[in-house]
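With chain S fixed as given, assemble chain Y onto it according to the hints.
Protein chains in written order, with the numbering used here: chain S, 1 to 409; chain Y, 1 to 409.
Quick caveat, the hints were computed from the structure, so don't treat them as lab data.
Be aware that a few hints might be false.
Stated by the list, open to error - Okay, derived cross-link-like pairs now, BS3-like style, lysine-lysine, Cα gap no bigger than 30 Å in a straight line:
| id | chain 1 | residue 1 | chain 2 | residue 2 |
| --- | --- | --- | --- | --- |
| 1 | S | K401 | Y | K401 |
| 2 | S | K205 | Y | K164 |
| 3 | Y | K205 | S | K205 |
| 4 | S | K205 | S | K285 |
| 5 | S | K352 | Y | K324 |
| 6 | Y | K285 | Y | K338 |
| 7 | S | K352 | Y | K205 |
| 8 | S | K205 | S | K230 |
| 9 | S | K324 | Y | K401 |
| 10 | S | K164 | S | K285 |
| 11 | S | K324 | Y | K338 |
| 12 | Y | K306 | Y | K324 |
| 13 | S | K324 | Y | K324 |
| 14 | Y | K338 | Y | K324 |
| 15 | S | K6 | S | K285 |
| 16 | S | K352 | Y | K306 |
| 17 | Y | K285 | Y | K324 |
| 18 | S | K306 | S | K230 |
| 19 | Y | K205 | Y | K6 |
| 20 | S | K338 | Y | K164 |
| 21 | Y | K164 | S | K401 |
| 22 | Y | K6 | S | K324 |
| 23 | S | K352 | Y | K352 |
| 24 | Y | K352 | S | K338 |
| 25 | S | K306 | S | K285 |
| 26 | Y | K164 | S | K324 |
| 27 | S | K306 | Y | K352 |
| 28 | Y | K306 | Y | K6 |
| 29 | Y | K401 | S | K136 |
| 30 | S | K401 | Y | K136 |
| 31 | S | K306 | Y | K136 |
| 32 | Y | K164 | S | K164 |
| 33 | Y | K306 | S | K401 |
| 34 | Y | K6 | S | K306 |
| 35 | S | K401 | Y | K6 |
| 36 | S | K205 | Y | K306 |
| 37 | S | K352 | S | K324 |
| 38 | S | K6 | Y | K401 |
There are 2 protein chains.
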Amino acid sequence: MLNSVKIDLDIIEVDIRDSLGMICAEEVRAPFDIPLFDRSAVDGFAVRSFDVSSASQHNPVYLTIVGSLEAGSDLSGVRPLNDGEAYAVYTGAPMPPGADAVVPFEYCINEGSRVGVLRPVPPYGNVSRAGEDFRKGDVIVRRGVKLMPWHIAALASANVSRVKVYRRVRVAIMNTGNELINLGGGLRPGKIINSTGLLIESYVKLLNAEPIPLGIIPDDVESIRGAVVKSLSMSDIVVITGGTSIGDTDLVPEALESISGAIRLFHGVAIRPGRTAGAYIIGGKPVLIISGLPVACLVSLEVFLKPLIHFLTGEDELPLATVKAILTRRLVNEVGFKSFYRVSVCYGDDGKIYAEPLRLTGSGILSTLIRGNGIIVIPEEVEGFDVGEEISVQILNPISKCNSVYHIP
Amino acid sequence: MLNSVKIDLDIIEVDIRDSLGMICAEEVRAPFDIPLFDRSAVDGFAVRSFDVSSASQHNPVYLTIVGSLEAGSDLSGVRPLNDGEAYAVYTGAPMPPGADAVVPFEYCINEGSRVGVLRPVPPYGNVSRAGEDFRKGDVIVRRGVKLMPWHIAALASANVSRVKVYRRVRVAIMNTGNELINLGGGLRPGKIINSTGLLIESYVKLLNAEPIPLGIIPDDVESIRGAVVKSLSMSDIVVITGGTSIGDTDLVPEALESISGAIRLFHGVAIRPGRTAGAYIIGGKPVLIISGLPVACLVSLEVFLKPLIHFLTGEDELPLATVKAILTRRLVNEVGFKSFYRVSVCYGDDGKIYAEPLRLTGSGILSTLIRGNGIIVIPEEVEGFDVGEEISVQILNPISKCNSVYHIP
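The following block holds chain S by itself, in its conformation from the complex:
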């Protein structure tokens, strides 16, 4: 399906403070060693290791103390160490030129103007080296990486204050169905609020993409066709929901096929709920048709829209948070369909985790989305799961105590 998608996301340059969650569009390499300089890893005396190679408890080597450096000290006024000289240094302090190792204070006798060193130290002993974090030219952030706080900190450490990222994927959203009215409109029998439009809009935001909500489109071929053509010019992906009917009044496929060059990828899938989903490519851009019923809609967003957005940004997917839970009722699957069941996952008094499938009469029941905090996926070839089976559940909202006590055989 995705081979025929032709979208180049524009690259924009942003302040790294505004880059959280964006996808990096360039490879950034360290422009210099990070850190830039050798630092002391301990509190002690910076020395030339050669000078103290014979030092011992019984025969201390005495060096002249010529100064003191702390973390942040400036090296500009510091002259190189000569034979027999030492600098007091504190953790994080830059190493003075000429010194190549640090003897910790506990192995020194500090006599004010001079120090007796009681142990030898190898070259670079107790020194954190320049370039220890990144050497000049090392890759700091790869192209395609989703920028997280640690990436932003690493860019900052390289003194990189702007980064090239892909602009967010734009998703146009429109909803058909003569039963729909806008939020805030006068509700009366026969009408329902276009809540699915808001479901999709906020789901798109959750994916770090940019929703372009176009609202309710009149349920006739010309209006749908016109709205799709217009939305293609301002978006990368178009999502259009059909009305609740899959009968005579479902005009969306007809409208899409009337647009020149439209390629139908599929219409109808072996996924429940959401089997009426479809996808077209028009002008190289994907157009998804999904159910206007909220539960079916959400499954389609997870199964089709999310991977599509990740495909466009080149982003890898994180594994989902899952727990193992004991099923409290049998779940039956129609073989040949991949099924998505909403369940309520909770901690029992016995310390076990239970998954209670939610009863629902249709895929339009928003309340199951609210009461459910987990999803069980049943693969095509599986007939179902039995009561008491321990199965893997994807967790979408936090787990709390069970309201019921379960006695599972």
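Chain Y only, in chain S's frame:
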């Protein structure tokens, strides 16, 4: 620790479109049945079930067709069904007054002006009832819930367009250390960019809280004290990082204790890295002292700041995404410390998942945060894990193919 925290987060009212990820500050109940009306669940004829109770294949009951209703049809012009009448209805259409059941088209003979019904139907057969999703008065969203797309859709279905939420938690961030310079500043030996400030700032954003970055504070007691006092007036939590030294120049605790009413909760914890972390309460607000070294800093943010923010918002925590992985090198723990190890998690050619601990010389190595995509937590009482052990790893960034081939005994 948290008993002495006294912060009331202001409650603000926002458009539900702007409420994604915010914490709901009110209980919202359905102001009416949702949906508002009985709908047909199929395409068929809406009838009075009593009229067709004797219908059969051999003795159809004939009804007069008095009209047709689709999803979205208006009931205002529709008169109640009389004896012996039927309406053609499509899925989602409102039930005409007087009708209490729907006979699907396949059990009807449509003769144009009248219809022969071949089967009886019980009252409310094939009808989705008003209030099926939420009954008037049902709780739609509880106080304390983090608003996700399905909550927003449910609010919309109730025609609720604004919702009360807690304003974001404000976290003031300041960084001490004379070695620090601002991003974009002239870097020279002895100095490092304040990358930890950006690490904290973007981590706070990731938690849906509001960072107030106050930048670098001069490393003297008076400056630190003044900055903390000022920041307390504009934030709910103050995070202050110490310099790289934990020796003579660590002036932060001294500065905090000079503020009247400051209560020290702890300073120094059995957690590695990050053992120098501390916490105070000043004027009822938490002040966290954490390491300026990035790896230690991030552990402290996860262990202290994240639960603190969730405590203030009343939000439950989601389980973390974890995988089981085979350890490629022994990990040793100092008993008595809870240790956090960054690891690189990858898929081997043998299909197994491996966790490779990252070598690091200190807790300041940003590159381990970039290269690592997982965290292994070793509890206080555990001495470590062996090569080849299968252990649970928290996943922060996606898993890709291993670069090495592992031969684990």
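Going down the list of hints, with the structure as the test:
A C-alpha spacing of about 38 Å is found between S:K401 and Y:K401, which places the hinted pair above 30 Å, so the restraint is violated. For the hint pairing S:K205 with Y:K164, the CA-to-CA distance comes to about 20 Å; that is within 30 Å, so the pair holds. Distance restraint check for Y:K205 and S:K205: the Cα-Cα separation of roughly 15 Å lies within the 30 Å cut-off, and the hinted pair is therefore satisfied. Restraint check: the Cα-Cα separation between S:K205 and S:K285 comes to about 20 Å, which is no more than 30 Å; the hinted pair holds.
For the hint pairing S:K352 with Y:K324, the CA-to-CA distance comes to about 20 Å; that is within 30 Å, so the pair holds. Between Y:K285 and Y:K338 the alpha-carbon distance is near 26 Å, which keeps this suggested pair within the 30 Å criterion. As the CA atoms of S:K352 and Y:K205 are separated by approximately 34 Å, the hinted pair breaks the 30 Å bound. Under the criterion of a C-alpha separation no larger than 30 Å, the hint pairing S:K205 with S:K230 is consistent with the structure, at around 22 Å.
Note on S:K324 and Y:K401: the hinted pairing holds, with a Cα-Cα distance of about 26 Å set against a maximum of 30 Å. The straight-line distance between the Cα atoms of S:K164 and S:K285 is roughly 24 Å, inside the 30 Å bound, and the hint therefore holds. Taking the CA atoms of S:K324 and Y:K338, the gap is about 25 Å. The hint holds against a cut of 30 Å. Restraint check for Y:K306 and Y:K324: satisfied, since their Cα atoms lie roughly 24 Å apart, inside the 30 Å limit.
Of the pairs offered as hints, the one joining S:K324 and Y:K324 holds, with about 13 Å between alpha carbons and a cut-off of 30 Å not exceeded. Proximity of Y:K338 to Y:K324 is assessed by CA-CA distance (about 20 Å); at most 30 Å being required, the pair is judged to hold. Distance restraint check for S:K6 and S:K285: the Cα-Cα separation of roughly 6 Å lies within the 30 Å cut-off, and the hinted pair is therefore satisfied. Restraint check: the Cα-Cα separation between S:K352 and Y:K306 comes to about 26 Å, which is no more than 30 Å; the hinted pair holds.
Distance check on the hinted pair: Y:K285 and Y:K324 sit about 39 Å apart at the alpha-carbon level, beyond 30 Å; violated. Our distance criterion of 30 Å between C-alpha atoms is met by S:K306 and S:K230, whose separation comes to about 23 Å. For the hint pairing Y:K205 with Y:K6, the CA-to-CA distance comes to about 23 Å; that is within 30 Å, so the pair holds. A threshold of 30 Å between alpha carbons decides the hint, and for S:K338 with Y:K164 the separation of about 38 Å lies outside it, so the pair is violated.
For the hint pairing Y:K164 with S:K401, the CA-to-CA distance comes to about 26 Å; that is within 30 Å, so the pair holds. For the hint pairing Y:K6 with S:K324, the CA-to-CA distance comes to about 38 Å; that exceeds 30 Å, so the pair is violated. Of the pairs offered as hints, the one joining S:K352 and Y:K352 holds, with about 28 Å between alpha carbons and a cut-off of 30 Å not exceeded. Simply put, Y:K352 and S:K338 have alpha-carbon atoms about 26 Å apart, close enough for the 30 Å limit, and the pair holds.
With a C-alpha separation of about 15 Å, the suggested pairing of S:K306 with S:K285 holds against the 30 Å cut-off. With a C-alpha separation of about 35 Å, the suggested pairing of Y:K164 with S:K324 is violated against the 30 Å cut-off. For the proposed pair S:K306 and Y:K352, the alpha carbon gap of about 26 Å is at most 30 Å, so the pair holds. Taken as a hint, the Y:K306 and Y:K6 pair is honoured in the structure, with Cα atoms around 17 Å apart against an allowance of 30 Å.
Proximity of Y:K401 to S:K136 is assessed by CA-CA distance (about 26 Å); at most 30 Å being required, the pair is judged to hold. Pair hint S:K401 plus Y:K136 holds up; C-alpha atoms about 26 Å apart against a cutoff of 30 Å. The straight-line distance between the Cα atoms of S:K306 and Y:K136 is roughly 34 Å, outside the 30 Å bound, and the hint therefore fails. Simply put, Y:K164 and S:K164 have alpha-carbon atoms about 37 Å apart, too far for the 30 Å limit, and the pair is violated.
A C-alpha spacing of about 22 Å is found between Y:K306 and S:K401, which places the hinted pair at or below 30 Å, so the restraint holds. Restraint check for Y:K6 and S:K306: not satisfied, since their Cα atoms lie roughly 41 Å apart, outside the 30 Å limit. Using a Cα cut-off of 30 Å, the hinted pair S:K401 and Y:K6 holds, with the two alpha carbons roughly 27 Å apart. Proximity of S:K205 to Y:K306 is assessed by CA-CA distance (about 22 Å); at most 30 Å being required, the pair is judged to hold.
For the hint linking S:K352 to S:K324, the alpha-carbon distance of about 10 Å falls within 30 Å, and the restraint holds. Of the pairs offered as hints, the one joining S:K6 and Y:K401 holds, with about 27 Å between alpha carbons and a cut-off of 30 Å not exceeded.
In summary, the structure is inconsistent with hints 1, 7, 17, 20, 22, 26, 31, 32 and 34 from the numbered list given earlier, while agreeing with the others.
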